[in-house]
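Kindly generate the complete structure, drawing on both the sequences and the hints.
Position 139 of the sequence shown, counted from 1, bears residue number 167 in my numbering, the numbering being contiguous throughout.
Keep in mind the hints are simulated off the structure, nothing from the lab. Heads up, none of these hints are tricks.
Derived DEER-like restraints, expressed as beta-carbon distance ranges:
{"hint": "1", "residue 1": "Asp130", "residue 2": "Ala63", "range": "20 to 26 Å"}
{"hint": "2", "residue 1": "Ala180", "residue 2": "Leu50", "range": "19 to 25 Å"}
{"hint": "3", "residue 1": "Arg82", "residue 2": "Thr125", "range": "36 to 42 Å"}
Think of the CB as a built atom: it goes at the ideal place given N, C-alpha and C, for glycine as much as any other residue.
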Amino acid sequence: MAPELPGVFAWLAPILASYGYLAVFGFLFIESFGAPVPGQTMLMAAGVFAGAGRLNVVGVAILGFLAAVAGDNVGYLIGHFGGRRLVLRFGRYVFVTEKRLDKAEDFFHRNGGKIVGVARFVDGLRQLNGVVAGIAGLPCRRFLAFNAPGAAAWGRGCDRRSARLNARPA
Numbered sequence: 029m030a031p032e033l034p035g036v037f038a039w040l041a042p043i044l045a046s047y048g049y050l051a052v053f054g055f056l057f058i059e060s061f062g063a064p065v066p067g068q069t070m071l072m073a074a075g076v077f078a079g080a081g082r083l084n085v086v087g088v089a090i091l092g093f094l095a096a097v098a099g100d101n102v103g104y105l106i107g108h109f110g111g112r113r114l115v116l117r118f119g120r121y122v123f124v125t126e127k128r129l130d131k132a133e134d135f136f137h138r139n140g141g142k143i144v145g146v147a148r149f150v151d152g153l154r155q156l157n158g159v160v161a162g163i164a165g166l167p168c169r170r171f172l173a174f175n176a177p178g179a180a181a182w183g184r185g186c187d188r189r190s191a192r193l194n195a196r197p198a
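Following this line, the structure appears as structure tokens:
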């Protein structure tokens, strides 16, 4: 039986019960390249499942890290090869306008690679981080060098939040 998840997490329980690690990887991967999917929420719900013994916390952490880095790299490739034109054409479905993209790109040019790691902790930036880095022309190796540690730190923070959910009385 799946553990009971509180509040907004409840709708993820059947998905986690049916697909387990695949759901964790899929949600985080898709969110990380720009799609509006609740990846962070899924990671926290998976932490609750791990606390209840339904998933392995190390497996969740490793898959979360790999999915975040892989998804961001797909976003980077979309931005690098598809460019502004592609992002503006399809970005409207995820509320990316030319004005917002201009602001993000300008901010990226001013702050360079350090924004890649920090963006992981800001909703919206987390999802479009790779795409904007690709458009801005950040070298791929530099993107990866900042992205991987950011993903590791972000996943660790989600594990701590889910641990607090596990500690709450039922």
